[in-house]
Amino acid sequence: MDKPFAITLDPGSSLANKTGAWRTNRPLYVDRLPPCNHACPAGENIQGWLYQAESGNYEAAWRVLTGDNPLPAIMGRVCYHPCETACNRGQLDESVGINSVERFLGDEALKKHWKFSPVKDESGKRVLVVGAGPSGLSAAYHLRRLGHGVKIVEAGPLAGGMMRFGIPKYRLPRDVLDGEVQRILDMGVELELNCKVTNILETIDAGSFDAAFLAVGAHIGKRAYIPAGSSARILDAVSFLRSMEGEDRPKLGRRVVVYGGGNTALDVARTAKRLGAEEAIIVYRRTREKMPAHDSELEEALQEGVLVKWLSTIRHASESTIVVQKMVLDETGFPQPTDEYEALEADSLVLALGQDVDLSLLEGVPGLEIKDGTVQVAPNMMTGHAGIFAGGDMVPAERTVTVGVGHGKKAARHIDAWLHGRAYVPAPKHELATFDKMNPWYYSDASKTVRPVLELARRTSTFDEVVSGLDETNALFEARRCLSCGNCFECDNCYGVCPDNAVIKLGPGNRFEFNFDYCKGCGICVSECPCGAIKMVPEAS
Amino acid sequence: MDTQIKFYQTGTFTVGNRLLTEEQRTVQADMHRTNSLNSGHRACQGCGEALGARYAIDAAMRATGNQLIAVNATGCLEVFSTPYPETSWQIPWIHSLFGNAAAVATGVAAAQRVLGRTDVRVIAQGGDGGTTDIGFGCLSGMFERNDDVLYICYDNEAYMNTGVQRSSATPPTARTATTPAVGTAPGNVFGTGKNVPLIAMAHRIPYVATASVANLRDLEQKVTHAMEIHGARYIHIFVPCPLGWGSAPEDTILIARLAIECGLFPLFEAHDGKVTSRTPIRRQVPVTEYLNKQKRFAHLFGKTPDTARIEQMQRMADQNIADFGLLQ
Numbered sequence: 001m002d003k004p005f006a007i008t009l010d011p012g013s014s015l016a017n018k019t020g021a022w023r024t025n026r027p028l029y030v031d032r033l034p035p036c037n038h039a040c041p042a043g044e045n046i047q048g049w050l051y052q053a054e055s056g057n058y059e060a061a062w063r064v065l066t067g068d069n070p071l072p073a074i075m076g077r078v079c080y081h082p083c084e085t086a087c088n089r090g091q092l093d094e095s096v097g098i099n100s101v102e103r104f105l106g107d108e109a110l111k112k113h114w115k116f117s118p119v120k121d122e123s124g125k126r127v128l129v130v131g132a133g134p135s136g137l138s139a140a141y142h143l144r145r146l147g148h149g150v151k152i153v154e155a156g157p158l159a160g161g162m163m164r165f166g167i168p169k170y171r172l173p174r175d176v177l178d179g180e181v182q183r184i185l186d187m188g189v190e191l192e193l194n195c196k197v198t199n200i201l202e203t204i205d206a207g208s209f210d211a212a213f214l215a216v217g218a219h220i221g222k223r224a225y226i227p228a229g230s231s232a233r234i235l236d237a238v239s240f241l242r243s244m245e246g247e248d249r250p251k252l253g254r255r256v257v258v259y260g261g262g263n264t265a266l267d268v269a270r271t272a273k274r275l276g277a278e279e280a281i282i283v284y285r286r287t288r289e290k291m292p293a294h295d296s297e298l299e300e301a302l303q304e305g306v307l308v309k310w311l312s313t314i315r316h317a318s319e320s321t322i323v324v325q326k327m328v329l330d331e332t333g334f335p336q337p338t339d340e341y342e343a344l345e346a347d348s349l350v351l352a353l354g355q356d357v358d359l360s361l362l363e364g365v366p367g368l369e370i371k372d373g374t375v376q377v378a379p380n381m382m383t384g385h386a387g388i389f390a391g392g393d394m395v396p397a398e399r400t401v402t403v404g405v406g407h408g409k410k411a412a413r414h415i416d417a418w419l420h421g422r423a424y425v426p427a428p429k430h431e432l433a434t435f436d437k438m439n440p441w442y443y444s445d446a447s448k449t450v451r452p453v454l455e456l457a458r459r460t461s462t463f464d465e466v467v468s469g470l471d472e473t474n475a476l477f478e479a480r481r482c483l484s485c486g487n488c489f490e491c492d493n494c495y496g497v498c499p500d501n502a503v504i505k506l507g508p509g510n511r512f513e514f515n516f517d518y519c520k521g522c523g524i525c526v527s528e529c530p531c532g533a534i535k536m537v538p539e540a541s
Numbered sequence: 001m002d003t004q005i006k007f008y009q010t011g012t013f014t015v016g017n018r019l020l021t022e023e024q025r026t027v028q029a030d031m032h033r034t035n036s037l038n039s040g041h042r043a044c045q046g047c048g049e050a051l052g053a054r055y056a057i058d059a060a061m062r063a064t065g066n067q068l069i070a071v072n073a074t075g076c077l078e079v080f081s082t083p084y085p086e087t088s089w090q091i092p093w094i095h096s097l098f099g100n101a102a103a104v105a106t107g108v109a110a111a112q113r114v115l116g117r118t119d120v121r122v123i124a125q126g127g128d129g130g131t132t133d134i135g136f137g138c139l140s141g142m143f144e145r146n147d148d149v150l151y152i153c154y155d156n157e158a159y160m161n162t163g164v165q166r167s168s169a170t171p172p173t174a175r176t177a178t179t180p181a182v183g184t185a186p187g188n189v190f191g192t193g194k195n196v197p198l199i200a201m202a203h204r205i206p207y208v209a210t211a212s213v214a215n216l217r218d219l220e221q222k223v224t225h226a227m228e229i230h231g232a233r234y235i236h237i238f239v240p241c242p243l244g245w246g247s248a249p250e251d252t253i254l255i256a257r258l259a260i261e262c263g264l265f266p267l268f269e270a271h272d273g274k275v276t277s278r279t280p281i282r283r284q285v286p287v288t289e290y291l292n293k294q295k296r297f298a299h300l301f302g303k304t305p306d307t308a309r310i311e312q313m314q315r316m317a318d319q320n321i322a323d324f325g326l327l328q
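Sequences listed follow chains V and P, in order.
Note that the working numbering numbers the first sequence so that position 251 is 251, with each residue one more than the last.
Note that the working numbering numbers the second sequence so that position 290 is 290, with each residue one more than the last.
Quick caveat, the hints were computed from the structure, so don't treat them as lab data.
Derived SDA-like pairs: lysine to any residue, alpha-carbon spacing no greater than 25 Å straight-line:
| no. | chain 1 | residue 1 | chain 2 | residue 2 |
| --- | --- | --- | --- | --- |
| 1 | P | Lys293 | V | Thr24 |
| 2 | V | Lys169 | V | Glu278 |
| 3 | P | Lys293 | V | Val526 |
| 4 | P | Lys295 | V | Arg23 |
| 5 | V | Lys18 | P | Trp89 |
Label-pair restraints from in silico Cβ distances:
| no. | chain 1 | residue 1 | chain 2 | residue 2 | range |
| --- | --- | --- | --- | --- | --- |
| 6 | V | Asp445 | P | Thr224 | 25 to 31 Å |
| 7 | V | Glu431 | P | Gln328 | 33 to 39 Å |
| 8 | V | Pro4 | P | Val114 | 21 to 27 Å |
For each residue, glycine too, the CB sits at the ideal point set by N, CA and C.
All chains, please: the whole structure from these sequences, using the hints.
Here it is, written out as structure tokens:
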């Protein structure tokens, strides 16, 4: 013992003192489900692709995005973005412009000619897809990625379905649509146009397909009985919009009345304005709050001078006059007629009262269940007939492009499993990353970069795209507004704020782990995690 | 950090950020930070002082190229970091008495000067008891002689180590073991205590600053700046004490943040006795937001809130905001 006076022990490090023994709760890194991903009908990993876009790695972002949805440039124009409604940033300042960034990525991909990765393993199975609309294209893409041979049979002269024959050009330019369709075909998907399937079982047999996915859409405009003089000009919205794709543009006259309250009614009225109509009046039997059309589209239509007669139904139509009956809402919110009538001058009347599905190809197929004009499908998207799946507008669901794309993906996964004699079991969903789980203090303030809107005067007279895109700096800025809800973005907060150095930083891309030898379980890391990616759980006693 | 980080919206206020270069990140984001105060120390769960000490000393270590000696006053920080024979310090560290840290640091600095070690810098550190009360004479001497020492006070507003007794840094109305929440004027009385940063400024020393564990970038920038200056320097760091304040351990940083945002703890810098910068309040909150999360102020709330004293606290905060110009 050659120690100084009164010293009996060697100096030691406090690392010998395992303070982790004090702990009664332990922190746990988690991945929570971001609300945007949760709300996306196409099941996109939005937080995931924004994360890539934030670093300026747009191709990687596009690849994450197209892992779920092969049509980002289309989606970035026509999707009603429920993701933005759900976005947690909306509770802070304004939601992230997810749709704008998606469109930017889609446009970048078209500009730079990015291609999908080639298919690696061919399964040897063949799947028939009926209909080249969003749902059919999505299913074809996903099936092809899984290695199956795919043939799309389309009744129309061009691919796209309602994206081409329903959505006007000022919302979706056709070169964008063509570009994204071609990229799917380039994967080796076969497309036969102008071929209407009349008997599905025969077509499957003839082509010796192993399974079929039906997505024929809903193309038949609903009619309503309206007493009309023989010279009244009455059209249905679907045929009208379809004829916009042809050489001869339909003639509507100076004053056009559109009957209905959905997005299609707005599309017709806005198209009529562009065709030179001085007046485009929408007649709808309920109120604005009850209107099924999306508010952003109504707002744009109103800005363009489209008029709306709320609480009105059409009683009679003649060559130049339409008689409208005023309605009132009863206590259940249902419109009831009044004794008040009004005459509107009109050269033509377009009915936009919804669409029906042409189910003729399914006649005689055993096991099928048809209800309210739609094909009933099980949760795995299979109809009552084994091997025949269906999706998009022909099954009961909200009829939007995004829902259709989501159906295509979901069906493809189930078809793949079915072809292999298995059942597809989706991974269990993470807990939702709600706003109360976040610590928004750490995000600096930044408002949404609004896409420039075409000058009003210009857009009512031409079919130029109404909403234009973000440029690179804008898109990057917008992507970086993402809060990364529920998913670690390696901000180092947990590593920094631990009073006990009990968080180990594993380096870029590898996140962090806890050193439970020293973690006292104080929970500061949980409180100070900006994105809610840590939670406390009781220690096993 | 004063510079606005353009386009890096996500995580501008966080410890690190994968989109920033290494130099733009904080010292605490560094995978190889010194961890000057190492794991295994016996501070309570969620200790603000342990956090503040590591933030400050790690920053000083980087600023001096690891040529640093620390002198410690008696107090929580000394007790929890060095129970014989263990130490959590990964730097040369010396402890003498409760009241003489500033004087010992003066001596260490003088020894370095004699040895010709111009590269080795000296820090003295202590709690508010060792600084504002017991060590105050030595501290004032160190200031007036302008000795080349950075003195850091970790202010948790009472003598926590010995059982939460009042110090001259304890705020009005706070309940401590020696200012119980009883009688007509419960808790610490108004009109007592002293503001040591302002007293330090009155010595016209080269640099005085206040900092908080709730604003890491600001704290690191101030410590780094202090190490670029020679002469007597003083940094007063606000460090919540979950045990003494009766707050939840996970709320340590939240409470420090609310103290800044309500105006009760102003963040500023002063050179040669003049205030030269202040860190503005980002989102102002009423003092109640800060007070009602701590049991030491619980008697102000309850069934019949003590609105008069809450008002008085709010006036203190408002006075700080006006004096230092804390609103942008």
